[in-house]
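Protein chains in written order, with our numbering: chain P, 1 to 255; chain X, 1 to 264.
Worth flagging that the hints you see were computed from the coordinates, not collected in a lab.
Some clues are possibly wrong.
Derived contacts from chain X toward chain P, CB cut-off under 10 Å, selection only [to be verified]:
1. GLY59
2. GLY72
3. ALA73
4. PRO74
5. VAL76
6. GLY77
7. PRO78
8. SER79
9. LEU84
10. LEU91
11. PHE92
12. ARG151
13. ASN155
Cβ coordinates follow ideal geometry from the N, Cα and C atoms, glycine included.
Each chain, letter by letter, is given below.
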Amino acid sequence: MTATRQRRLDWRGLVPVVVLLAAWEAISRSGLTDTRIVPPLEGLVGLLGTEVAEKSLLGNLAASIVRDLSGFALGASLGVVGGILLGLSPLASALLRPSFDVFRQIALFAWIPLIAMWFGIGEASKIVFVALAAFTPTLINTVEGTRSASATLVEVGALLRYRRSQMLLAIYLPAALPSILTGVHLALIQSWLATIGAEYFMTAGPGIGTLIIEGRDRFQMGQTVLGMILIGAVGFLLNRIARAAENRLLRWRTA
Amino acid sequence: MVATAGSLEMRSVTKRYSVDGSPLVALDDVSLAVEPGEFLAIVGASGCGKSTILRLFAGLDAKHDGAVLHDGAPIVGPSLQRGLVFQEPRLFPWLPVERNVLAALRNSHLDAHARRSAVRDHIALVGLQGFERAYPHQLSGGMAQRVAIARGLVNRPDVLLLDEPLGALDALTRAHLQDELQRIWVRERTTMVLVTHDVDEAVYLADRVVVMSPRPGRIRDIVPVTLPRPRDRGDEALLRLRAHLLRTLAGTPQHAGLALHRAA
Ligand SMILES: Nc1ncnc2c1ncn2[C@@H]1O[C@H](COP(=O)(O)OP(=O)(O)O)[C@@H](O)[C@H]1O
Ligand SMILES: [Mg+2]
């Protein structure tokens, strides 16, 4: 039921977009502003055409997405593994949790100078930065989820003579899954923001962030706006995919 | 087949918990022997140590004084030879019915084929054919408890321990599941220890009824029920036993108020 409702698009959601575009077009045509600052819409569409055809817009887009997903995969898997460790081992938690709680207070962008020093301003740095963004929410939620495994179900495992590995795979992990997925979902959103941030601050190589900065430097607002729209669209799609995956994996709660 | 395995015994068992630093005697020098293939019921006010007895037999609680034995050997931990059905079904919410039952076979010696047929047989035994793919939240309380019973039986244990498994159900479902339990017991001859607060249930099902009293948990009386099966719930002898048990229970501190009420 919820699935079908989600699949259908509610067109009312497009109203603000249409209003915004109309206002944009009106301002652009009114002659009150410089068309370099508020470029007309047909220019933007034309630009999309030429960017795709000539300047490898798709290449930039692909570079950003690959970067995003690489960093996300790295950070989220470390977050899940670390979260399970901290969630299950009181010793690991006593040793590492305080440091982590300080570590997570350090704003993400404060890491950039250090990362750039260690990994350069190439691809490695950007992926490390994205991974860092994905790591924190995944770890926090995985710890939470692992701890929430009910003692009564753990007792059922003991009764069935589950070994440690079976306890982990058959009880702790499934019990933690809703929390883990919440963390992974947050990580996916954070990773995409961090991807653009990384491209913005470490501008070597292709990417949507690079495209935006180029647009600014060459005073081509069209290119910048196009980049922004793409960022929003990709973020929206990633969010949709994450939510669909979550619903699929947690079907047992609603099926 | 004559049952040879499945005897349980407690010898002078004392179990203490500590509640907020002060000791609480849950079982005080309790001795109890359960014969192989016997159906034993335990009744008593809440807090008199009934669940504690089952947990000790199950091997979930190894810290106690005295000896707890299964076929003469000390119980040091859980065993697939002793199934336990808790008061709540405790199913894995993320697994459908058949995989909840299958989950009990993770460490069984059966091969994959035998496991599948064991699961199928036990789902049939509790009358849940057609619900194999249902998730726990889609089941009624009675159905969930039946899955729990199937899970407790699927390893074909020598002993099945049941902790008020029908307590939360409506009267009709309860009567129905009592008959099913009896049918399963007649068929499998598993030793069964049933904790219940329902005296009717105890005399209807059991070979002997253990009456306990609280603070500290002690065995007050053991009443044999020698009536042949299948039993009639309205049988005169059964009703006399029931009255006797209620009087015994009423003598325990927790039920004093109830006795006055009944006399009035
Ligand atoms: N884990 C525990 N910690 C502390 N006290 C407990 C614990 N389990 C049981 N008790 C206490 O032991 C006594 C017997 O409990 P229990 O065996 O559950 O009684 P029953 O099943 O007959 O209601 C009760 O007073 C209960 O509060
Ligand atoms: Mg109890």
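Against the structure, the hints:
no., hint, in the structure
1, GLY59, "holds (8 Å)"
2, GLY72, "violated (21 Å)"
3, ALA73, "violated (16 Å)"
4, PRO74, "violated (17 Å)"
5, VAL76, "violated (12 Å)"
6, GLY77, "holds (8 Å)"
7, PRO78, "holds (5 Å)"
8, SER79, "holds (7 Å)"
9, LEU84, "holds (6 Å)"
10, LEU91, "holds (9 Å)"
11, PHE92, "holds (7 Å)"
12, ARG151, "holds (8 Å)"
13, ASN155, "holds (8 Å)"
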